[in-house]
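Let's have the full structure, built from the sequences with the hints guiding it.
Residue numbers (our numbering), protein chains in the order written: chain A, 1 to 372; chain B, 1 to 372.
It is worth saying that the hints were derived from the structure and are not from the lab.
These numbers were taken from a predicted model, which means no experiment stands behind them.
One or more of the hints may lead you astray.
No copy labels: a pair is met if it fits in one copy or bridges any two.
As the list claims (entries may be wrong) - Under the rule of at most 27 angstroms between Cα atoms (straight-line distance), these lysine-lysine pairs were calculated in the BS3-like manner: (1) K295 with K44; (2) K44 with K288; (3) K131 with K295; (4) K157 with K52.
Next come the chains, spelled out residue by residue.
There are 2 protein chains.
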Amino acid sequence: MSQFRFELEHVDSTTGARAGRWHTPHGVVETPAFMPVGTLGTVKGLLPEQLKRAGAQMLLANTYHLALRPGADVVEQLGGLHQFMNWEGPILTDSGGFQVFSLAKLSKLTDDHVTFRSHIDGSLLELSPEKAISIQEQLGADCIMCLDECPPHDVDKKRLHEAVLRTTAWAARCKEAQKREDQALFGIVQGGIETDLREESAAGLLPLEFPGYAIGGLSVGEDPADMYRTLEFTTPLLPQEKPRYLMGVGRPIDLIEGILRGIDLFDCVMPTRNGRNAMAFTSRGPLKLRNARHKRDPMPLDPDGTTEVGRTYSRGYLRHLFVAGEMLGPILLSWHNIEFYQNLVRNLREAILADNSAEFRADQLAQWGGEL
Amino acid sequence: MSQFRFELEHVDSTTGARAGRWHTPHGVVETPAFMPVGTLGTVKGLLPEQLKRAGAQMLLANTYHLALRPGADVVEQLGGLHQFMNWEGPILTDSGGFQVFSLAKLSKLTDDHVTFRSHIDGSLLELSPEKAISIQEQLGADCIMCLDECPPHDVDKKRLHEAVLRTTAWAARCKEAQKREDQALFGIVQGGIETDLREESAAGLLPLEFPGYAIGGLSVGEDPADMYRTLEFTTPLLPQEKPRYLMGVGRPIDLIEGILRGIDLFDCVMPTRNGRNAMAFTSRGPLKLRNARHKRDPMPLDPDGTTEVGRTYSRGYLRHLFVAGEMLGPILLSWHNIEFYQNLVRNLREAILADNSAEFRADQLAQWGGEL
Numbered sequence: 001m002s003q004f005r006f007e008l009e010h011v012d013s014t015t016g017a018r019a020g021r022w023h024t025p026h027g028v029v030e031t032p033a034f035m036p037v038g039t040l041g042t043v044k045g046l047l048p049e050q051l052k053r054a055g056a057q058m059l060l061a062n063t064y065h066l067a068l069r070p071g072a073d074v075v076e077q078l079g080g081l082h083q084f085m086n087w088e089g090p091i092l093t094d095s096g097g098f099q100v101f102s103l104a105k106l107s108k109l110t111d112d113h114v115t116f117r118s119h120i121d122g123s124l125l126e127l128s129p130e131k132a133i134s135i136q137e138q139l140g141a142d143c144i145m146c147l148d149e150c151p152p153h154d155v156d157k158k159r160l161h162e163a164v165l166r167t168t169a170w171a172a173r174c175k176e177a178q179k180r181e182d183q184a185l186f187g188i189v190q191g192g193i194e195t196d197l198r199e200e201s202a203a204g205l206l207p208l209e210f211p212g213y214a215i216g217g218l219s220v221g222e223d224p225a226d227m228y229r230t231l232e233f234t235t236p237l238l239p240q241e242k243p244r245y246l247m248g249v250g251r252p253i254d255l256i257e258g259i260l261r262g263i264d265l266f267d268c269v270m271p272t273r274n275g276r277n278a279m280a281f282t283s284r285g286p287l288k289l290r291n292a293r294h295k296r297d298p299m300p301l302d303p304d305g306t307t308e309v310g311r312t313y314s315r316g317y318l319r320h321l322f323v324a325g326e327m328l329g330p331i332l333l334s335w336h337n338i339e340f341y342q343n344l345v346r347n348l349r350e351a352i353l354a355d356n357s358a359e360f361r362a363d364q365l366a367q368w369g370g371e372l
Numbered sequence: 001m002s003q004f005r006f007e008l009e010h011v012d013s014t015t016g017a018r019a020g021r022w023h024t025p026h027g028v029v030e031t032p033a034f035m036p037v038g039t040l041g042t043v044k045g046l047l048p049e050q051l052k053r054a055g056a057q058m059l060l061a062n063t064y065h066l067a068l069r070p071g072a073d074v075v076e077q078l079g080g081l082h083q084f085m086n087w088e089g090p091i092l093t094d095s096g097g098f099q100v101f102s103l104a105k106l107s108k109l110t111d112d113h114v115t116f117r118s119h120i121d122g123s124l125l126e127l128s129p130e131k132a133i134s135i136q137e138q139l140g141a142d143c144i145m146c147l148d149e150c151p152p153h154d155v156d157k158k159r160l161h162e163a164v165l166r167t168t169a170w171a172a173r174c175k176e177a178q179k180r181e182d183q184a185l186f187g188i189v190q191g192g193i194e195t196d197l198r199e200e201s202a203a204g205l206l207p208l209e210f211p212g213y214a215i216g217g218l219s220v221g222e223d224p225a226d227m228y229r230t231l232e233f234t235t236p237l238l239p240q241e242k243p244r245y246l247m248g249v250g251r252p253i254d255l256i257e258g259i260l261r262g263i264d265l266f267d268c269v270m271p272t273r274n275g276r277n278a279m280a281f282t283s284r285g286p287l288k289l290r291n292a293r294h295k296r297d298p299m300p301l302d303p304d305g306t307t308e309v310g311r312t313y314s315r316g317y318l319r320h321l322f323v324a325g326e327m328l329g330p331i332l333l334s335w336h337n338i339e340f341y342q343n344l345v346r347n348l349r350e351a352i353l354a355d356n357s358a359e360f361r362a363d364q365l366a367q368w369g370g371e372l
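Listed below in structure tokens is the structure:
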């Protein structure tokens with residue numbers, strides 16, 4: 001019997017928002033859920049226990065980065081990702097494809113595989129669907145991804161179509177290559193913001209009966225309105241009874257809009273990256289902590305006290321930490337922002353269960369004073 | 001009635017080691033005690049709760065650094081050091097003198113005051129005994145220090161003598177300048193490694209009846225043997241019934257040797273600075289975590305599991321964090337090293353209470369495989 005099971009608890013009657021419980025070998029994830037990004041086997045600056053206290057249930061780690069450093073074989077030898085990074089809950093790894101197409105210097109793309117140069121030392125490497133699976137099996141996450149082709153958002157439709165076809169063909173090879181039974185392998189729907197391409201992509205993947213589906217190729221430079229519109233016609237193409245994961249998204253407002261269109265899982269570096277850059281999400285809107293006006297500000301970071309950091313540390317102290325270049329500044333704001341994201345998604349989940357998701361969205365926008 | 005009281009619980013019958021309890025406005029410090037250094041109002045990379053869990057009872061913050069950034073008036077306006085940095089326990093501030101004489105570019109030294117250039121922006125600043133006290137009263141630590149002159153360890157005896165005389169004169173002015181009654185002002189004994197100068201310094205300070213005494217001018221480049229010898233003839237010059245603080249010391253072995261010679265309080269950046277540089281103190285000796293031999297090492301950092309980090313994270317994972325430049329490496333090793341220091345001092349305290357301090361020293365050296 002599969003170690004994975006997705007219970008759909010409730011679908012909002014006025015939006016597409018879903019509340020569910022996803023059972024994995026490392027515990028249950030209450031959805032919708034946001035996964036903090038632990039690129040290299042660590043969410044930058046935070047201990048696993050802090051992530052747990054912030055409400056994180058599941059983390060994401062990047063296959064491309066871990067394959068380069070310390071190497072998937074090293075992670076495997078050190079007990080696999082969970083033991084390696086001391087995270088007992090579920091973990092998801094991406095396929096490495098996104099980084100190969102964005103961060104690395106692409107060398108050659110064929111239907112068989114892609115060759116690229118490492119952004120660390122320039123060495124020439126190769127990634128194929130089979131290799132992406134074997135690396136992810138070494139890493140040992142609960143949820144793994146098919147290798148997909150992620151073209152830039154501004155390529156022409158012909159190129160976009162090629163990427164869809166290649167992604168479908170690669171998905172079949174990934175499924176064929178999978179050996180471990182304790183990892184849920186997701187197919188990835190591509191097709192940019194084109195209705196017919198998304199339909200073709202979904203139609204190609206569905207017969208492979210993946211235990212869940214990801215939506216890739218969004219939040220890559222297109223307008224948010226285009227992303228929301230694309231989600232609106234893409235999520236209905238996916239099976240109701242399986243989890244849906246929107247990759248690499250996004251801002252708080254994007255999470256709300258995605259959830260209202262039927263997305264269950266998200267990941268994004270935004271809470272941690274912005275935190276390291278002295279930007280805090282708060283219940284009343286964003287704050288830039290380096291701003292001189294906070295120098296003598298005794299007010300707690302978040303006046304509504306919805307996070308541990310937000311009710312404990314003054315804006316003046318946080319500003320001082322950033323101005324003085326102290327590590328604790330990035331640590332505290334990363335922690336705060338992740339808790340902010342977790343609270344948002346958990347509160348929206350409650351609203352879905354109460355059949356109130358549309359009202360939640362309106363209330364939240366009013367409180368933030370606009371989109372956040 | 002004074003808010004400070006030093007209870008001497010036991011003096012070892014074969015060494016000078018003392019176990020005590022020092023009552024302060026922010027709680028009791030069980031001595032001997034080691035204070036982690038929170039230079040700019042933060043122990044680099046660590047949250048107050050982590051310091052507490054590591055066993056730290058009292059922290060040190062640096063007046064010179066805080067006076068430059070964010071400014072003592074800013075700290076005062078943000079509620080004083082305890083509230084500023086979210087540390088409820090006792091805090092000690094130094095006078096700023098040590099940094100003025102080492103880190104800053106010294107401009108002019110007179111009997112009245114010292115002028116220097118900020119190491120941050122080169123601005124010309126002035127520090128006098130009165131100013132050192134008023135800044136420390138703004139910062140609001142429990143224990144504050146007289147301004148002293150700290151000459152380099154290799155100056156001639158005449159210059160060292162001048163520093164002793166100036167330090168004594170400045171101590172009287174500091175005591176005179178003190179307004180707050182909730183801060184214990186310590187006098188600082190100077191005199192290098194010279195018996196007669198240390199005697200003269202102590203004799204000059206004792207009539208001022210400070211509630212505690214610090215020993216300055218050690219661990220500034222002299223041989224450890226000279227430091228131990230100096231402590232041996234200096235601590236007996238100080239009142240038995242008052243706390244004694246050895247400033248800026250030191251290695252684990254220095255703590256043991258200092259405690260066996262009657263020191264109660266220590267501070268040093270070593271556990272955090274070494275931690276940031278990938279060096280860990282362990283129960284079996286030091287480890288350099290960047291070393292390639294740890295790449296696939298599944299062994300926990302400290303095989304004896306005496307610290308939380310030491311029993312949780314593998315050497316292979318810690319090495320990966322440092323190689324990849326991840327913040328979590330410095331965080332975890334700083335935390336581990338501070339817990340190592342706290343355990344050492346607490347275990348030695350237990351040994352003192354059992355009248356076993358000499359044996360503890362021998363056992364510890366055997367376990368470490370030499371001095372640590």
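Verification of the hints:
1. With identical chains, the CA atoms of K295 and K44 are at most 27 angstroms apart both within one copy (26 angstroms) and between copies (20 angstroms).
2. Both within a single protomer and between protomers do K44 and K288 lie at most 27 angstroms apart by alpha-carbon distance, with minima of 20 angstroms and 22 angstroms respectively.
3. When the C-alpha separation of K131 and K295 is checked against a cutoff of 27 angstroms, the pair qualifies only between copies, where the shortest distance is 23 angstroms, while the shortest distance within a copy is 52 angstroms.
4. When the C-alpha separation of K157 and K52 is checked against a cutoff of 27 angstroms, the pair qualifies neither within a copy, at 43 angstroms, nor between copies, at 59 angstroms.
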